[in-house]
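All chains should be modelled from the sequences, with the hints used to inform the complete structure.
In UniProt numbering, the protein residues as written are 1 to 155.
Take every hint as true, because none was put in to throw you off.
If you anchor each label on the Cβ, the simulated ranges turn out as follows: (1) Asp77 to Glu109: 20 to 26 angstroms; (2) Met87 to Gly122: 17 to 23 angstroms; (3) Ile106 to Ala39: 15 to 21 angstroms; (4) Glu11 to Ser136: 15 to 21 angstroms; (5) Arg85 to Ser17: 24 to 30 angstroms; (6) Ser93 to Ser136: 32 to 38 angstroms.
Calculated directly from the structure, the hints in this document are not laboratory data.
From the three backbone atoms N, C-alpha and C, an ideal C-beta is built for every residue, glycine too.
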Amino acid sequence: MIVPRFGSHFERTIEESVDVKTVLNDSTTGVGHYSSTSALGALGNFALAAHRGTFGASFGQIDQLRVGDRIYIETNDGWYVYRFRNMEFVYSSELTVLNDVPRLSIVPEERILTMTTCHPKGTISERFVAYSIFESFVPRGKGAPSEVVGTGQNP
1 MIVPRFGSHF
11 ERTIEESVDV
21 KTVLNDSTTG
31 VGHYSSTSAL
41 GALGNFALAA
51 HRGTFGASFG
61 QIDQLRVGDR
71 IYIETNDGWY
81 VYRFRNMEFV
91 YSSELTVLND
101 VPRLSIVPEE
111 RILTMTTCHP
121 KGTISERFVA
131 YSIFESFVPR
141 GKGAPSEVVG
151 TGQNP
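Structure below.
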């Protein structure tokens with residue numbers, strides 16, 4: 001995962017779990033996919049979790065996202081590109097942000113990336129939730145998107 005808004009050195013691996021001990025508290029990875037949500041690039045909601053103030057604070061700068069910012073998720077085949085759309089704050093018990101269409105119970109028509117983290121930093125009472133919409137897929141054969149060149153990724 002590469003988020004240019006978070007700085008040129010921000011790159012994280014996404015694990016297939018949101019287990020606190022083995023994934024979220026791992027300062028070298030720290031980003032997990034809610035396995036109950038959609039697959040990367042599929043219709044629906046690909047939802048991620050990470051800490052904001054501890055254990056590497058992978059989403060420590062989530063509040064710096066601006067509408068239109070790109071978020072890249074690199075795979076062996078290429079880069080999935082999402083554009084940040086909006087954010088909200090919810091109680092930690094509000095699980096509908098993980099629905100196929102966040103907060104609604106309808107059939108998905110978009111590919112959504114949802115990033116969840118604690119709010120305020122270091123607490124567990126609320127969640128900061130950032131939503132992005134799928135923009136494109138860049139095959140590896142076409143080369144890395146210009147925004148990710150030099151971020152440490154392997155073209």
